[in-house]
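Spelled out from the first residue to the last, the chains are:
Number of protein chains: 4
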Amino acid sequence: MDRAKSSKARKVCVCKSVAFTPQSLQYEKTKVQMPEKSVRIGVLGASGYTGSEIVRLLANHPYFGITVLTADRKAGQSIGSVFPHLATQHLPDMIAVNDADFSNVDAVFCCLPHGTTQEIIKALPKGLKIVDLSADFRLRDIDDYEKWYGQPHRAPELQREAVYGLTEIYRTDIKDARLVANPGCYPTSIQLPLVPLIKANLIRSENIIIDAKSGVSGAGRGAKEANLYTEIAEGIHSYGITGHRHVPEIEQGLAEAANSKVTVSFTPHLMPMSRGMQSSIYVELAPGASVEDLRQHLKVFYENEEFVVLGKEKEVPHTRHVRGSNYCIMNVFPDRITGRAIILSVIDNLVKGASGQALQNLNLMMGIPENTGLTYLPLFP
Amino acid sequence: MDRAKSSKARKVCVCKSVAFTPQSLQYEKTKVQMPEKSVRIGVLGASGYTGSEIVRLLANHPYFGITVLTADRKAGQSIGSVFPHLATQHLPDMIAVNDADFSNVDAVFCCLPHGTTQEIIKALPKGLKIVDLSADFRLRDIDDYEKWYGQPHRAPELQREAVYGLTEIYRTDIKDARLVANPGCYPTSIQLPLVPLIKANLIRSENIIIDAKSGVSGAGRGAKEANLYTEIAEGIHSYGITGHRHVPEIEQGLAEAANSKVTVSFTPHLMPMSRGMQSSIYVELAPGASVEDLRQHLKVFYENEEFVVLGKEKEVPHTRHVRGSNYCIMNVFPDRITGRAIILSVIDNLVKGASGQALQNLNLMMGIPENTGLTYLPLFP
Amino acid sequence: MDRAKSSKARKVCVCKSVAFTPQSLQYEKTKVQMPEKSVRIGVLGASGYTGSEIVRLLANHPYFGITVLTADRKAGQSIGSVFPHLATQHLPDMIAVNDADFSNVDAVFCCLPHGTTQEIIKALPKGLKIVDLSADFRLRDIDDYEKWYGQPHRAPELQREAVYGLTEIYRTDIKDARLVANPGCYPTSIQLPLVPLIKANLIRSENIIIDAKSGVSGAGRGAKEANLYTEIAEGIHSYGITGHRHVPEIEQGLAEAANSKVTVSFTPHLMPMSRGMQSSIYVELAPGASVEDLRQHLKVFYENEEFVVLGKEKEVPHTRHVRGSNYCIMNVFPDRITGRAIILSVIDNLVKGASGQALQNLNLMMGIPENTGLTYLPLFP
Amino acid sequence: MDRAKSSKARKVCVCKSVAFTPQSLQYEKTKVQMPEKSVRIGVLGASGYTGSEIVRLLANHPYFGITVLTADRKAGQSIGSVFPHLATQHLPDMIAVNDADFSNVDAVFCCLPHGTTQEIIKALPKGLKIVDLSADFRLRDIDDYEKWYGQPHRAPELQREAVYGLTEIYRTDIKDARLVANPGCYPTSIQLPLVPLIKANLIRSENIIIDAKSGVSGAGRGAKEANLYTEIAEGIHSYGITGHRHVPEIEQGLAEAANSKVTVSFTPHLMPMSRGMQSSIYVELAPGASVEDLRQHLKVFYENEEFVVLGKEKEVPHTRHVRGSNYCIMNVFPDRITGRAIILSVIDNLVKGASGQALQNLNLMMGIPENTGLTYLPLFP
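Same order as they appear, the protein sequences are chains R, S, W and U.
The first sequence lines up with residues 164 to 544 when you count with the working numbering.
The second sequence lines up with residues 164 to 544 when you count with the working numbering.
The third sequence lines up with residues 164 to 544 when you count with the working numbering.
The fourth sequence lines up with residues 164 to 544 when you count with the working numbering.
If you are wondering where the hints come from, they were derived from the structure by calculation, not from laboratory data.
One or more hints might be untrue.
[Claimed, not checked] So, partial list: chain S residues that the calculated Cβ filter (under 8 angstroms) puts toward chain W: (1) V379; (2) S380; (3) R384; (4) A386; (5) K387; (6) N390; (7) L391; (8) Y392; (9) T393; (10) I395; (11) A396; (12) E397; (13) P435; (14) S437.
The structure displayed is predicted, hence computed values, not measured ones.
In this text, a Cβ means the ideal position worked out from N, Cα and C, and glycines have one as well.
When you get a sec, could you build the whole thing from the sequences and use the hints?
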């Protein structure tokens, strides 16, 4: 963009929570006295959709200011030349990750592809807080990593340190973490409803059938024939049947909740929408449990959470109702088959399913209110 | 449209099958000697999407010529004023159904809403062949009809006569029928794979989980807020959970195949696409059965069928691959959970799921090759 | 939604501008000392898309708090039941406009259909600040209103008082206004580039050809067959040729700039997108003027504006680059025909084209920084 | 696909025109006595969208049977593996063009990229009829070719022989041609209305402003970031401003009609739709001419044409009304500015804008009815 505005121009927002809910009060207690934009952020891999989404969210963040943007193949370019919708932002040009000076960085969002991430994070200064949006540190068992990703894990010691960043479930650990493995989009939408229900023994952990639907941005910005407009519009198809790489992550989380091995049926579908994800989950009720029990448990479990919302009874969540926001909306419905229930869960795959949850995690790690910079309402229509 | 072409202009196509497959040979034996456009067709309810689709398909049909079009609220208008894409056709103007003269009609496609259809069909001359695309004659048990449609059945004697028009399954009965109840779109996509597998005892009829996805045209052309572009684009949502009216139709067909009552879990989803339907069906294998057994059985069962296609092993069917055509493509996949399988089935909801199958049925009823007027390839992209 | 969060929960954001540009410094000088959410806002007609967009934008506004929501046909319902994406907001239920108590309201956004608005605004307490998003006060000449809207103007005295709310052009008048007529979406996208160029005599005011493209949300949430998903997806068409009601508004603004009557060629097109608007404007250069002169003039004219952005040379604006934001991006290109130029201008029709500009205006009227609550970056993809 | 149907299975359609219009009678006189599928067709470049569209159209063609399919990068693959929607067709596998045996080919559709096509066509046996869908033979002046395509023309002698395949305008020459240069999509939609009007001196050939909108399939199936679903959905943008390569082709056709050099203003826009194209053309009336004169002239000019349709007065053509068909629908509207008119023209860019017109041309070249295999009605919705 061609703006004559002084390049020194800056507009910042101070978001102050004055809510009275327990959760929010807890935020209040943190008593943030941080100077504006005083936390210096690096975004590694800024030329993809999760990277640009981090930039979008940080634009209204009062404390986090971006000082380093890397993108090896776009080194030397401005963010506005790669993402014109961000051209109004005054940000450093993108550089190669190897050229980055981390001495003026306090925390990084790592938005790089899996496989390359382990070595890059290994090389970062130890003082940095890191939220890694790739899959490289999500699987606790490095043999699982090798099996599903086809290469040995290159940073096992970091793996031991990494905390899995499903915020509402692992909040306590995340607060003290240095390296957080940000969850995948499907695993987020699936574990948020299932983990509490399995832990409470309200559903069986066998025969969990997950039919998930994703927007195309989950596939990234890489130029692939399969993701052309003409190949995606006005249709739907399943993909990655039995073999999608989010499977071991989902099963890891559910197994921890169940305290036993869990095998799920997971079939993702690609849909003609840019953002959004719905998981339709078909479960068997535990003996004696009812649909209302499930709803009641989720209601209590999430009642102090800002971003996880249980719909009213019978209210069907739509992906449109969370677009652009960090919300997860879920609900539970009776099934026609006795002893079964239907659980629906929707998120924006780029926000709660990626960059939004990453920011939620870094807020936690930095000791500031978890919702800072995340109070966007959904964009509808 | 403003065309100076003589209104008498007519272009017709004679489709002759020279295929050598058993199925096709069987067509050959019918030795059609029918004069062009000699079967006079009435389309009742021509101002909706299934009505206009009948008109589209008949345009290239050699024997069927439209002589009556009804649409009560559009009476007096031309088809081109209601559906400009059909304006090039030389067709009678639409009239109110009560004004229709059926003395020059041999067969009708009834594209009216359920509820009103029973009385209208009751009043038609007995000599007419009828394919009814509404739900009014699909349920054999009139108590089921009353329960699901909220009103008593008004033509029980016609119900007894009606033949359920799932062509590939009930072909023999359809040939001799006077009144065919054309199946719903979801039931077509679901029964085509499941009926043969249940009959062959290859899958269990308990715990069948169906997650279906439909294009918006299935909701018709009525002006509803929920179906506005702005409410549908770029998102997905479930609807009719546990209560969709196609449930009793699906369960009726599966029960007949199983020879016992069947209750299914059926959750439809509305998608941002105009046409297309996918049913993702999660089943338990019968003891001893394998995914390969299922594939092999479907392969043999449908090998002489033109419109039902089993994909190659591992090939995922897309709704885009059947758009605008009468094909149903299906396939079977292994599940991660032992003893389970995943069945995918795609159709165009307006063709094989409605008007195409209706035409296939009327072809059969009139003794002409079943594929007449239906040999359109899918429109992609 | 079923949330156990205390209904008293409130989260607010204080946006403080620390920019160093002249425009921003001017904001600084306003020295806002307003208590949080102290300005009480009524939204009349909250059940349409412009109403819900006001609610979305105000959610992060530090000073404006909604105290009254009206929607005659949805009276008694919560905003969340009509717009589930807003269900997380703690807002008063919608009431009929006649039941509204304006004693606890300081300012209203009037999001009602044209025609009804004049009498409703006439009946409001005189102390209220009003931004009217309808067309009812946009045309200064009430004879024009009667001619284009088919009914006599019912509040001519208010018309004389009303200030036309094209913020960047009429800022000084808006500051002191009580009643602002918020511009239409097309007129906003067209006047922002053309008014400065005509005033500067850089383009001729004759033979201005405007080919505009709009998203469907501009047509509102009313249930119309023409706006069904199936009627809009995967296609484009012109509408309102020569007769669109935004024509007199466009011509009024250009005539004022030209100081003479202006007649434009204006052809809008409806596109398969929910939000977004592009005006492609084909103009004749004034004698001696060059494309570079036009660019240079717009650059200087808008250089201190936050929301109007001139693209870099040759950079093509996309509607996607402004989605969900209050930006207008414009650019000027050479034409192949000597003496002509091509001007492209994009906005989000619901934000800068409606509710965003309305908020920008009310901020001005209330003496707070113009960008308050409007610092959302575009949502892409 | 896994079909047990005999690979010898074949279904063919004989389309016989019995229309009574002059045009159609002329078809009748050709008295086709050709054996079924007796013309052997090669499709060069079958792995792109125009290639697959040729295959789709030929499936119902009575005389043309495909014997050779080439696609260098997909050599050895079946058409069904590259285009699953065509998997039901029994066709030879794709081979490299250099491996093709043209001894069993009578005519070819050349669907290769521009630049490579000239040498490939030069190398073909001289006895073949050729319809080239690339741009390589569209510009009569080889200097123009070099200027716009950045490389010297490699087959000037073929260029002299090539006939420009805008069927309705150059029908007589096409009938006798060996090599037809099939027009581009934009030039087709623009020249069909403009050439007759310019020839008849009803519009001025100066200051013709063309604002065109295209579906994404026009960009082909190549994997480009810019054409990803996420980059195209829910937005619009101009591209190729002043420099689109269809400009010289448009100007060549209009100049021939005007008998003088013509320079147009041409701005294409990319839209979120797979198929379809609209040209909105803003013209100056010739002195004394009226909008009704234009309509009347087009009516008479095209009244015997099957595929070019003038809409009724005031009827707005939609791209949806021609999707999947070979129709061009056009209409003329008054402009608000005195002395101007607005011309709208819509086609399916892959059919009348590419493969459909190519087939129409080859039908002509082979002496069979021009509409053979092309009588598909539009697919709506």
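Taking the hints in turn, this is what the structure says about them:
1. V379: Status holds, d = 5 angstroms.
2. S380: At about 5 angstroms, which falls below the 8 angstroms cut-off, the nearest Cβ of chain W leaves the hint on S380 of chain S intact, so it holds.
3. R384: 6 angstroms, holds
4. A386: 4 angstroms, holds
5. K387: For K387 of chain S, the interface hint holds, since the closest Cβ of chain W sits about 5 angstroms away, which is under 8 angstroms.
6. N390: With a closest approach of 5 angstroms, the N390 of chain S hint holds.
7. L391: Given a least distance of 5 angstroms, the restraint on L391 of chain S holds.
8. Y392: 4 angstroms, holds
9. T393: Holds, because the Cβ-Cβ distance from T393 of chain S to chain W comes to roughly 5 angstroms (cut-off 8 angstroms).
10. I395: Holds, because the Cβ-Cβ distance from I395 of chain S to chain W comes to roughly 4 angstroms (cut-off 8 angstroms).
11. A396: A396 of chain S check passes; min Cβ-Cβ to chain W is 5 angstroms, inside 8 angstroms.
12. E397: 7 angstroms, holds
13. P435: This hint holds: P435 of chain S lies near chain W, its Cβ roughly 7 angstroms from the closest one there, short of 8 angstroms.
14. S437: 5 angstroms, holds
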